[in-house]
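Visitor: Dock chain B against chain A, hints included.
Protein sequence lines, in the order shown, are assigned to chains A and B. For the first sequence, counting from 1, position 68 maps to 67 in numbering that gives the first Met the number 0; every step adds exactly one. For the second sequence, counting from 1, position 178 maps to 177 in numbering that gives the first Met the number 0; every step adds exactly one.
Don't read these hints as lab results, they were simulated from the structure.
Derived contacts from chain B toward chain A, CB cut-off under 10 Å, selection only:
#1 Leu-61
#2 Val-77
#3 Leu-141
#4 Thr-160
#5 Ile-164
#6 Ala-165
Partial pick of chain B residues on the chain A-facing surface, computed with a CB cut under 8 Å:
#7 Ala-74
#8 Lys-130
#9 Val-133
#10 Val-134
#11 Lys-137
#12 Leu-144
#13 Phe-153
#14 Leu-167
#15 Gln-170
#16 Met-174
#17 Thr-178
#18 Leu-181
#19 Ala-182
Built from N, CA and C at the ideal position, the CB exists for glycine as well.
Each chain, letter by letter, is given below.
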Amino acid sequence: MSSSRRSRSRQSGVPRITDDQLAHLVSKLQHLIPELRRSRSDKVAASKVLQETCDYIRSLRREVDDLSDRLSELLASTDMDSEQAAIMRSLLM
Amino acid sequence: MASFIPNLESAPDTCPEFKRRKRRITDEKPASSHSHQRNQRIKRWRTQREQHIYSSKLIQALRRSRRTSASSSAAKEVHETADRVLAVLAKGTTRWSKAILTARKMARHKKAKVAANTRLRKPAVSREKRKTPVVQRKLKVLGRLVPGCRKLSFPNLLEETSDYIAALEMQVRAMTAITEFLAGSGPQPPADRLASNVNS
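Isolated chain A (complex conformation) (with noise of 0.2 Å):
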């Protein structure tokens, strides 16, 4: 309640984040990461899940790197025709 009031005295119109709010907000990111998620506990520090959620956005980052690395070189191997195109159009609808 005290922190509503001393939000609306500021001038732009963005609420000041309580301490609840943050421990809620990076519980909700904890559920996105896998790795915190095997671990049960709720009271992962917030240092650890936010470093935990940039480590897994740079991990996902780097297997689409390799993948489109490979995709590259399959792409010039198999000079994919119209005929597979089709095969895996018809395979992925």
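Guide: Using the frame of chain A, we list chain B on its own:
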């Protein structure tokens, strides 16, 4: 006779309790519907249908762009194409997807669009003293990892991060499947396969 009795309930606006309650309700209502939309969006990334749509569009885009690429930067082009198709699929609802598309447009047309966007973007109030410097620092790093999210407040950054991670996970699944398909039905001429079967 009945009309003489004042109906207190007919004028609730004058009651200060009600006013306070009303304001709180209007404050909360858009947030809850917004978060529902957000959850629906994130769930979409996890559906098979979305992955199929993405794979199909990615393959089309890769076939179109392959003719122009040199082998040294081919991998980078594939990655950029994969990101662009991903961003298009997001249908302009998230900051990260808009940032990816804007960056690409910038590279092509060399217009100062990014400069204009940063001017229009509202700077987030970052005076949350309750967070430790460590947390602040890591938030900054996260903001740099998610495209277009450098100056977002934590709640908004979280929203973008959730969507971005779900989209990236789908991107990995889709590209893995495509790679496995291409590697499997690769340049094996059927005659050889037949010969090895006969010999064994």
